[in-house]
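Asks: Take these sequences, add in the hints, and give me the full structure.
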Amino acid sequence: MRWLSLVVAAGLFGAVSVRAQDEAVRTEHARKTLEIYRAIVEVDTSKHTGNTPKVARYLADELVAAGFPRDDVEVVPSGDSAYLVARYRGDGSSGARPILFLGHMDVVEAYAEDWERPPFELTRDETYFYGRGTVDNKFGIAQLTSTFIRLKKDGFVPSRDLFLAFSGDEESGMTTTRILAHERPDLAEAEFALNSDAGGGDLDKSGRAVTYNIQAAEKTFVTWEITVRNPGGHSSRPREDNAIYELADALKRIQAYRFPVRSSEMTRSYFRETGRKLGGELGQAMLRFAEDPTDEAAGERLAREPSYVGTTRTTCVATMLRAGHAENALPQSATATVNCRVFPGVPVADVESVLREVVSNEAVEFEMLGDPTESPISELRDDVVAAVSQAVHARYPDVKVIAYMESGGTDGMHFRKAGIPTWAASGIFMDPDEMYAHGLNERVPIEAFYDALDHWSIIIRALAGPEG
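Position 422 of the sequence shown, counting from 1, maps to 422 under our numbering, and the rest follow consecutively.
Simulated from the structure, these hints should not be mistaken for lab results.
Treat each hint with caution, since some may be false.
Listed next, with one range per pair, are the computed distances between beta-carbon atoms [claimed, not checked]:
no.: 1; residue 1: E225; residue 2: T27; range: 45 to 55 angstroms
no.: 2; residue 1: S94; residue 2: L321; range: 51 to 61 angstroms
no.: 3; residue 1: E327; residue 2: K152; range: 12 to 22 angstroms
no.: 4; residue 1: G79; residue 2: E357; range: 31 to 41 angstroms
no.: 5; residue 1: P231; residue 2: E291; range: 54 to 64 angstroms
no.: 6; residue 1: Q255; residue 2: T49; range: 26 to 36 angstroms
C-beta atoms are modelled at their ideal positions from N, C-alpha and C, and glycine is treated no differently.
Replies: Structural data, given as structure tokens:
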């Protein structure tokens, strides 16, 4: 298969305009990271493919080839998916409990006919790597795996056990995530977890580093299917009531509604620091919001920014549709999927109540999908902040490291709920407006990829080195 056909990265690419990239690609660690990145991006691990176990086995083989005992590297099937656990044994000299390093191997679906480039081939231009998962989360998977390989080959012996814990269905049911968080006694012993699937640095439009953000909290992920039913009939005899039109009316009302502004000390601090660095109209709106979240103008300005609106309130959006059964028949039902990201502390039942009130149609049925997971905030701890700061300041010495709340959802929510403090601290720095995860033409700046090569090594040595 194509994902097994690996070649040396230097032979794949022509000259790159950025000198730092040319230098980095000559190092063994850079070549291995790119090799792993290419291999896993080029496997479609979306929900219905059953390919995630292939990626898990490939990563396991790479770790074993680097010197990890086969017994310490597990690929565990789970339905059509699988998860990977790899133990890096420490000497116990610190007396500290293990650290988990999290990521997920699956991706959201991508349809080649919609993309400008093939989604499951790692392509590039002068500036970006392109492909599904290049950000979410095969960037983190590749960087963490190659870092473990690098440290093992360097003869590094950690002062405590380290675990890779890679889930296989984070983008869908999170079944493997729940297993890792709740059904693995070895992982339950961890002191804390660091997640590669969120966090990272923000760059402004000029490429200047604004802040580095450690994810310490997440909104609650919850989805409803809303359905309108109708007796239907022949399309030649239209009736005044129509399931599709009624559903469309309901969705337009949801679209027009904005949940009340909410804030916490974490989100206000985030906007305060980001606004100071960002400047301009948007930065000023952040500063005004930080000082007074009831400032309507500031809230409205932030609501226009997809990168920041989720930090200011609960959001609900239609994501999928299905309706009708024949082109010449009136629809007997119409269903929309509405996905909500609920601000911490807001009960899910309250959100459903608001949506029902907004729709204002008792004939619209609401069905909640799955079991929403509410997770606590992981308060920052000094040793983790110091280690992450060391890695960040090696690249951007003056950047402020701050905590933030994720508007999306990650595996971290389940580990937090299981009692394991979890922070996300990706090595990536990029413009948040170029974050196309889950969307078309997902991409990562090439410079960001190479600049992140030392990120996890620095953090691990700080937290689990001889003096960690």
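Asks: Hints first: check each against the structure and report whether it holds.
Replies: So, going through the hints one by one against the coordinates:
1. For the pair E225 and T27, the beta carbons lie near 50 angstroms from each other, so the given range of 45 to 55 angstroms is met.
2. Distance hint check for S94 and L321: the Cβ-Cβ separation is about 54 angstroms, which falls inside the suggested range of 51 to 61 angstroms.
3. With their beta carbons about 60 angstroms apart, E327 and K152 fall outside the hinted range of 12 to 22 angstroms.
4. For the pair G79 and E357, the supplied restraint of 31 to 41 angstroms holds, since their beta-carbon distance comes to about 38 angstroms.
5. Between P231 and E291 the Cβ separation comes to about 56 angstroms, which falls inside the hinted range of 54 to 64 angstroms.
6. A hinted range of 26 to 36 angstroms holds for the C-beta pair Q255 and T49, which are about 32 angstroms apart.
Of the numbered hints stated above, the single one contradicted by the structure is hint 3.
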